Amino acid sequence: EQKNNAGVSNVLGTEQIARSGDSDVASALKRVSGLTLVEGKYVFIRGLGERYSNTLVNGSLVPSPDPTRRVVPLDLFPTSILDSLLVSKAYLPSLPGEFAGGTVELRTRGVPEDFFFTFSGKIGGTEGTTFSKGLGYEGGGHDSLGIDDGTRAQPDSLAQATAGDTILTAQTRFNPNGFSQEEIEKFGEDLSQTWDITQKNIGPDGRAEASIGDLFTFGDFGFGYMAAARWNEEWNNQNEIRRAYATSGGDDLVLTKDFNVDRTLHVVDLTGYLALEARYQDNHKIYVKLMAIRQTTDEARIEGGFTDSESYDINRYLLKWEENQLLNNQVGGEHLFPVLNDLEFNWSYTNSTASRDAPNERHYRYDADKNGAYSFSRRADSNQTIFATLEDKSENWRFDIKLPVNIHQDVELALLTGFMNQSRTRDSKIRRYNFSPFGPNAQNAEILGQSSLENILSPENVGTNGFQLREATRSTDNYQASQDLLAVYGQIDLMFYETIRLNGGLRWEDNDQVVETFELFTPSKDPIRTQLKKSDLLPAITGTWIIS
1 EQKNNAGVSN VLGTEQIARS GDSDVASALK RVSGLTLVEG KYVFIRGLGE RYSNTLVNGS
61 LVPSPDPTRR VVPLDLFPTS ILDSLLVSKA YLPSLPGEFA GGTVELRTRG VPEDFFFTFS
121 GKIGGTEGTT FSKGLGYEGG GHDSLGIDDG TRAQPDSLAQ ATAGDTILTA QTRFNPNGFS
181 QEEIEKFGED LSQTWDITQK NIGPDGRAEA SIGDLFTFGD FGFGYMAAAR WNEEWNNQNE
241 IRRAYATSGG DDLVLTKDFN VDRTLHVVDL TGYLALEARY QDNHKIYVKL MAIRQTTDEA
301 RIEGGFTDSE SYDINRYLLK WEENQLLNNQ VGGEHLFPVL NDLEFNWSYT NSTASRDAPN
361 ERHYRYDADK NGAYSFSRRA DSNQTIFATL EDKSENWRFD IKLPVNIHQD VELALLTGFM
421 NQSRTRDSKI RRYNFSPFGP NAQNAEILGQ SSLENILSPE NVGTNGFQLR EATRSTDNYQ
481 ASQDLLAVYG QIDLMFYETI RLNGGLRWED NDQVVETFEL FTPSKDPIRT QLKKSDLLPA
541 ITGTWIIS
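According to my numbering, the sequence shown is numbered sequentially starting from 1.
If a hint is listed, it holds; no wrong ones were tucked in.
For lysine-lysine, the following DSS-like pairs were computed, each having C-alpha atoms within a straight-line distance of at most 30 angstroms:
(1) K402 - K89
(2) K3 - K89
(3) K525 - K429
(4) K41 - K3
(5) K133 - K41
(6) K533 - K89
(7) K534 - K429
(8) K200 - K41
(9) K186 - K320
(10) K41 - K30
Estimated spans, in silico, between C-beta atoms of each pair:
(11) R69 - Q2: 27 to 33 angstroms
(12) T14 - R379: 50 to 56 angstroms
(13) F221 - E127: 50 to 56 angstroms
Simulated from the structure, these hints should not be mistaken for laboratory data.
Keep in mind the model is a prediction, meaning the values are calculated, not measured.
Note that the Cβ used here is the ideal one computed from N, Cα and C, for glycine as well.
Generate coordinates for the entire structure from the input sequences, incorporating the hints supplied.
Written out as structure tokens, the structure reads:
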């Protein structure tokens, strides 16, 4: 396929991926020339950032669970459900117009020709992580499955009080609809539960996966299925030194930031896949492919050091749980009509939903005094609790037609045309809270000097006598976005004497993209709206000299 492709491309098949032992698509693609893996999940093609490429699954665009990116992180996809990977580095009119670096297409597995069943398990470890000490905190009972059992969910009292985008404010003479001091104290006590990062023993990594499939034939008809499931768990201790320098007057470099970062990452992947297929002879095929992918990352981090903007050392702490999920449902068909000069007609409808849930993300810091003793910071960024959700939905229709034309025995001609329509919506919401100094206990050096934040933010210190829970949601934390894309292309593929090949055509795209950022608590205020609406004609031509 790579040799016969009209454009410059790389193709990885299942056998090649299996030999390298890569467990996800991102790891497999880093072996392709001209591709660089960044952050373990995003692919840079020929040095261009991930936003200059796009990802297709069986020819259809898919949404992303990342709130700051439109591209999907490729470590979400396990290689166990793949048939092949195609990386297109040269633009063709049949490809989406968002093309500068390249396009990555994932082809998922179809129905086998014969019955098969496989099961495999893996247990392993990493030096410096497995059976070593790592960072952790008190989590839920289902963390090994990558599912939060409700431990990190908003307390019922706070969730009910802030339902309907209600802001958390205190009741005053000028704000009679606010909450009483007793109610806010209750919210704070319910929210302040787990803060402390402790040392814990780390076990081995593990993986279990199974797949089964078969094909049944009845004369000219065939019916088949293929199903797969996978669970994967990995741990990773990371120790980093981060330093920043600046010039001072002359040519000397001055150290402006020096941090030691220790973190422990716990990643759990769950995957379910089902393919159903009906065939008539070798000319017609109808298929259904259902895919559910879930990746959960749990991180505990401590970073300590100094910056020249502050005259004392600081320690920052992070507790973060993030669930990313992609549901991709596709139905399509592939048809060949010999009576119409071998005309090929392919179509598909894809419905996808990408979601992100990051409940109870906690940040806090301790500051050192001149004697080197650390205490809980009372600065504005001393602590924050964040609840974030995102849902990105996409519907995609696609039709492609290819018609071979006989014009000469030494000249092969094929006419191609196609249509694609995508409708996409995204809704991102974030709520932030912090515990602000309010009463005398928030000034008490003995209380602030305790090493356990759970003791500092204990019920007796939460309220008007100590720290009070406050809303810290920003005006830019919530946004909605939409995109409507319509594309039509025409393409000619011409071969002369099996030596020279010319491929070219034109693609027309009409794109309407809107992003609205709105202030959650002032619905009467107009949102900040940005719109990109334009139509483009996108031509392309490629030439190939087949030397041998």
